[in-house]
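Sequences listed follow chains H and R, in order.
In terms of our numbering, the first sequence opens at residue 832 and continues consecutively.
In terms of our numbering, the second sequence opens at residue 4 and continues consecutively.
The hints are simulated quantities; they were obtained by calculation from the structure and are not laboratory data.
Here the structure is a predicted model, which is why all the values come from computation and not from measurement.
Cβ atoms here follow ideal geometry from the backbone N, Cα and C, with glycine treated the same way.
Incorrect hints may have been included.
Within a straight-line C-alpha distance of at most 20 Å, the following computed SDA-like cross-link-like pairs (lysine to any residue) qualify [unchecked claim]:
(1) R/K81 x H/G1142
(2) R/K30 x H/K1112
(3) H/K914 x R/L78
(4) H/K909 x R/L78
(5) R/K81 x H/G1034
(6) H/K909 x R/R14
(7) R/K68 x H/D937
(8) H/K1112 x H/Y1155
(9) R/K30 x H/L902
(10) H/K941 x R/D83
(11) H/K909 x R/R82
(12) R/K81 x H/D938
(13) H/K914 x R/K48
(14) R/K68 x H/L902
(15) H/K914 x R/K68
(16) H/K964 x R/K68
(17) R/K48 x H/K909
(18) R/K30 x H/G1142
One side of the interface only, derived from the structure: several residues of chain H facing chain R at Cβ under 7 Å [as the list claims (entries may be wrong)]:
(19) G863
(20) R918
(21) L926
(22) K929
(23) I932
(24) G933
(25) D937
(26) N974
(27) L1166
(28) M1169
(29) H1171
Residues per chain are reported as follows:
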Amino acid sequence: MERVKTGINALDETIQGGLVKGDSTLIMGGPGMGKTTLGLQFIFNGATLFGDGGLYLTFEEMPDRLYRDALNFGWDLKALEEKDKARVICTSPDLLFKGGIGAVLDDPIKEVNAKRAVVDTLSHLRLFLPESKVRIEAYRLINYLKKKGLTSLLLCETSSRDGGSEADREFSFLADGVIQLQLQRERGSVLQTMTVEKMRGTGFPRQLSTFEIGGHGITVYAKPRLKMAKETSSEKVKTGVLGLDKILEGGLPKGSSTIVSGAVGTGKTVLGLQFLIEGAKLGEPGVFISYEEPESQLRRIISGLNWDISGYEKKRLLKLDSLYPEDLTPEAHLLRIMRHIEEMKAKRLVFDSVSAMEHMMERDNFLDFSKRLTSILKNSQVTAILNNTSRSIGGMTITETMLSTLADNIIMLRFVEIESSMRKALIIVKVRGSDFDKHITEYAIASKGLEVIGPLEEYEGILTGTPKKTPSERFVDTILKRAREGRE
Amino acid sequence: MLAESKELIGRLLGSDVKVELLMLFHKNPGLIDSPEGVALRIGRKGSDIEEALRDFIDLGLLVEKGHAESRRISLNRKRDREIQKLIVKHIQDSTLREKEVK
């Protein structure tokens, strides 16, 4: 089946290489959703990337407005018109149907040898035609475009930004394909989503892709496909914290994902940086992705610990990347991580933090995001630390519970109050496929990073944050106290 | 030649309506509409623009097709390019002549 590429890569990939040649696809969306941008991009890409002449038929917007809007994205439609590669035709539906579609469109189609067309918008037929004639005239127009061999996008304005009424959907029965553009609100952030609802002769995933309208038009971010990792390794990767590697019996399993969970100030970021610097020393490139601290803050932490990373950065053994979770769509974040891994040939990655990402997503979407993230990391054989800022001192948070099924290993960092002083303890909860020391271990953040002090054997209830001495330790204390009193 | 193009410019810019129509079709070369539709797009009535339309059709700048309800007006892109070239040449020649006189 011959395909006509839109030139929007992720969209073309989603629909098996492009639109079916000669088919009509309905683009449904509310006002401001990017239908016209998509249409203009389809025509511009067609002419400049694939040598296809294009016809843009508009019933409302005057061509000069379209030229201006297209130029904002760097698409010079007027220049294409001068080279007879495109025609922007503005007319009224009334005239089109009274005079005959061919009488109006035959010449422009011939002049540019058009292979693709956009109708902006099909909904305008309702303004000029009685309801009983809307469907038949839409059918006539679609058939005319097919007869001329044009692959077309039929833009359709829906009454709302998040779906559309039954009347809006009427045209979807006439078209060969339907793509819906919608807004999805999630915890204060708004995502633009694109869903392929129908595409004759084409297999496509029934899932939302997000998209953005940027300086170069529409960029679609399809969800990276979930793949089971083929290889598992028994090799260990040193964390850069000697005592921790000892507890882990050599380090973290190569290619595994580790949740490091702890409250603010427990040293998650320091541990993550230490892990990457150790990698850089061993010639293993690593990426630190921060959603919580700006790059300048990360650099302050690094210089505060007397680490010099400039050499590693020059040799492309270490990369710091800071951005807000809201800066990109979840899919765009995943694609950015994939690109970092590819460009750096990364073997290690720190994601700081999953909890920052969780704030912008609904529970199910967050779980989906986490699944895809761990799938990407595993398939790239990247050993990763996924930091999680915990709000609880004892027990596991919902995030930890959700992620524990996906992560191979879990390390908890906890503040503990012992004899009126605040100390820190780490607990290895899980290491997939490997043995580890199950003691609760005290650690500190020293002048050169995280250092393991030793097991807190004489206390119990450490996870509650207020440990007590064990009965045997209390017994020893009592004996010693009595002995001291006796001596006195 | 100069007199001929001077006369052409005079016809093209002969009235406010003509200037508005020229601007409309220059900015929107793909406009195909009924006379009433064209008038609507420059905020005028069909009867206001009929005379100007007729003159532009005579000049070959605009094309009229269909009749009655299907009557439609569009720009003749080829003729438009020719006229634009003539105007540019006229301006260049006039500038040159002014310099020579000085």
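Going through the hints against the structure:
A threshold of 20 Å between alpha carbons decides the hint, and for R/K81 with H/G1142 the separation of about 64 Å lies outside it, so the pair is violated. Using a Cα cut-off of 20 Å, the hinted pair R/K30 and H/K1112 is violated, with the two alpha carbons roughly 63 Å apart. The hinted pair formed by H/K914 and R/L78 meets the criterion: a straight-line CA distance of about 17 Å does not exceed 20 Å. The straight-line distance between the Cα atoms of H/K909 and R/L78 is roughly 15 Å, inside the 20 Å bound, and the hint therefore holds.
Restraint check: the Cα-Cα separation between R/K81 and H/G1034 comes to about 46 Å, which exceeds 20 Å; the hinted pair is violated. Distance check on the hinted pair: H/K909 and R/R14 sit about 27 Å apart at the alpha-carbon level, beyond 20 Å; violated. In summary, the hint linking R/K68 to H/D937 is supported, as the alpha carbons are separated by about 13 Å, within the 20 Å threshold. The hinted pair formed by H/K1112 and H/Y1155 fails the criterion: a straight-line CA distance of about 29 Å is larger than 20 Å.
Between R/K30 and H/L902 the alpha-carbon distance is near 14 Å, which keeps this suggested pair within the 20 Å criterion. For the proposed pair H/K941 and R/D83, the alpha carbon gap of about 19 Å is at most 20 Å, so the pair holds. Pair hint H/K909 plus R/R82 holds up; C-alpha atoms about 17 Å apart against a cutoff of 20 Å. At roughly 13 Å between alpha-carbon atoms, R/K81 and H/D938 fall within 20 Å of each other, so this suggested pair holds.
The straight-line distance between the Cα atoms of H/K914 and R/K48 is roughly 35 Å, outside the 20 Å bound, and the hint therefore fails. A distance of roughly 32 Å separates the Cα atoms of R/K68 and H/L902; the hinted pair therefore is violated under the 20 Å criterion. Distance check on the hinted pair: H/K914 and R/K68 sit about 25 Å apart at the alpha-carbon level, beyond 20 Å; violated. For the given pair, H/K964 sits about 25 Å from R/K68 by alpha-carbon distance, which is inconsistent with the 20 Å threshold.
Simply put, R/K48 and H/K909 have alpha-carbon atoms about 29 Å apart, too far for the 20 Å limit, and the pair is violated. In summary, the hint linking R/K30 to H/G1142 is not supported, as the alpha carbons are separated by about 57 Å, beyond the 20 Å threshold. Hint on H/G863 is violated. Least Cβ distance to chain R is approximately 23 Å, over the 7 Å limit. Contact between H/R918 and chain R, as hinted, is supported at the beta carbon level, the nearest pair being about 6 Å apart and thus within 7 Å.
For H/L926, the suggested interface contact is upheld, since its CB lies about 5 Å from the closest CB of chain R, less than 7 Å. At its closest, the beta carbon of H/K929 sits 5 Å from a beta carbon of chain R; the interface hint therefore holds under the 7 Å criterion. A least Cβ separation of about 11 Å between H/I932 and chain R goes past the 7 Å threshold, and the interface hint is therefore violated. Checking H/G933 against chain R: minimum C-beta separation of about 12 Å lies over 7 Å; hint violated.
Annotation: H/D937 was flagged as interfacial toward chain R, and the flag is violated, the nearest CB pair being 11 Å apart, outside 7 Å. Interface hint status for H/N974: violated, as the beta-carbon distance to the closest one in chain R is roughly 20 Å, over 7 Å. Interface restraint check for H/L1166: the shortest CB-CB distance to chain R comes to about 37 Å, outside 7 Å, so the restraint is violated. Taking 7 Å as the C-beta contact cut-off toward chain R, the hint placing H/M1169 at the interface is violated, the least distance being around 42 Å.
Given hint, H/H1171 at the interface with chain R, is violated; its Cβ is 45 Å from that chain's nearest Cβ, farther than 7 Å.
Of the numbered hints given earlier, the model fails hints 1, 2, 5, 6, 8, 13, 14, 15, 16, 17, 18, 19, 23, 24, 25, 26, 27, 28 and 29; all others are met.
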